[in-house]
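Let's have the full structure, built from the sequences with the hints guiding it.
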Amino acid sequence: MGRTARATAANDNPARRMTVEAGRILWPVIDQGIASLGGFLLTIALARTLAPSEYGVFALFAGIQMLLYTAIASLLFYPMVVLSNVSGPERGAQLMRASLVMLVVLCVPAVLCLGLIGLLMGRTDAILPVATYFVVWQIQETFRRCLFAELRFAAAVPGEIISYLGQILVLFWLYRHDGITLSSALYAMAATSGLAAILQAVQSGVVRPGALDLQGTVGSFFALGRWSLAGNLAAALRQQAVFWFLAILSGESFPGLLLAAINIVNILNPLIIGLSNVIPQVTARAHLRGKIAALRAARPFALAGLLTAVAFLAVIAAVPERVLGVIYGSDSVYADLATPVRLLTVGAVISYVADMTCSYFHGVSAVRQAMIANLTGMAASVVTAAPLIVGFGLNGACAGLCIANAARVAVSLLLLHRLVGDEVDAVERGAAEPGVEAVT
1151 MGRTARATAA NDNPARRMTV EAGRILWPVI DQGIASLGGF LLTIALARTL
1201 APSEYGVFAL FAGIQMLLYT AIASLLFYPM VVLSNVSGPE RGAQLMRASL
1251 VMLVVLCVPA VLCLGLIGLL MGRTDAILPV ATYFVVWQIQ ETFRRCLFAE
1301 LRFAAAVPGE IISYLGQILV LFWLYRHDGI TLSSALYAMA ATSGLAAILQ
1351 AVQSGVVRPG ALDLQGTVGS FFALGRWSLA GNLAAALRQQ AVFWFLAILS
1401 GESFPGLLLA AINIVNILNP LIIGLSNVIP QVTARAHLRG KIAALRAARP
1451 FALAGLLTAV AFLAVIAAVP ERVLGVIYGS DSVYADLATP VRLLTVGAVI
1501 SYVADMTCSY FHGVSAVRQA MIANLTGMAA SVVTAAPLIV GFGLNGACAG
1551 LCIANAARVA VSLLLLHRLV GDEVDAVERG AAEPGVEAVT
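Counting with my numbering, you get residues 1151 to 1590 for the letters of the sequence shown.
No wet-lab data here; the hints were simulated from the structure. Bear in mind that the values here come from a model prediction, so they are computed numbers and not experimental data. Errors might be hidden in some of the hints.
[As the list claims (entries may be wrong)] Label-pair ranges, simulated between beta-carbon atoms:
1. L1457 - D1572: 39 to 49 angstroms
2. Q1365 - G1475: 50 to 60 angstroms
3. Q1365 - D1572: 33 to 43 angstroms
Cβ coordinates follow ideal geometry from the N, Cα and C atoms, glycine included.
Right, dumping it as structure tokens:
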């Protein structure tokens, strides 16, 4: 049964429709939960085994990789998923095949950038493992997004288990035998991502021969992804700027302290990223009936996640000492981060609202609005982070992130009100004109 036939059957049966909607929320959260759990356990394992200065280097490299991933996701993954959802099966397959070719091109400057950063940091020994992991990770992510484009979130789960939980098993084996180093950890991550990429390539069927409209695809991807690129880079830089300010003003071990505190709040990432994967697709389809219909389609997802996020973060904020002691050990250098964790929980709740609003913007092709909101957050971070770090150290860095998130929320909600208000005004004007029927 095809996608359209399944959707029609679900619409004819309320119970079936509820089951389908539950699955649309559940499987993306499960998928992202596995990825986030693996990432969380990885960062905890490295925090427990690497020296603080070495863990700080890992934090800085991880930030640069995330910036590069953000650029590729904006120009490649986001347009592929959105355009595939509003295209026929044949065109969707063309978009996915073209994405693989475009990935190869985009990885070249990304690897050069990683090499340059390694040289500037004086860590030439880390360049090859960092670049290897990054390229393999992007290959796997491409096949993963191809499955997402067809709403096959459940099919992506086995690959996530191999990649993100498999790396923990490899690290445990390394710890028991030769010990864990930054390079060995990165090679382990590359190996498990490579195995997952093979599985997800077979599942997606993208590697099969077929038509390839590369020129047309590049143009359509860039037209849709350019605003997303600017906005998502600004969103990533909002946090990464703080890491670099800490390294410059306080020393290379402080980015590791910030990452250790952020790890606690990031336990909520499966929910946030899972919803961020679903909402653009839900709103893209509902957008055919208008922006108000798209907002109504996205609202239940966002509200359900908000209740979960607030409850979870309230528990962490109430007993951060216990949470830190359990995760890092009571005698760890990271156990005394209660105040930073409390500040970050406040910032996470604020950020959730902006994340869901920006996800809606992406789904209705209002990516410029998301860019403006994220640029505002980045500007607030750059302006406030350095003075706060000088005055209050790590706590100041966390306070700066809260301020940046608050600025981002204020602007995103204002833009949302204007965007939906424009359509309301248009509908009201249409209803007031003789012979014009308002669309609801």
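Against the structure, the hints come out as follows:
{"no.": "1", "hint": "L1457 - D1572: 39 to 49 angstroms", "result": "violated (30 angstroms)"}
{"no.": "2", "hint": "Q1365 - G1475: 50 to 60 angstroms", "result": "holds (57 angstroms)"}
{"no.": "3", "hint": "Q1365 - D1572: 33 to 43 angstroms", "result": "holds (34 angstroms)"}
Hint 1 from the list above is the single one not met by this structure.
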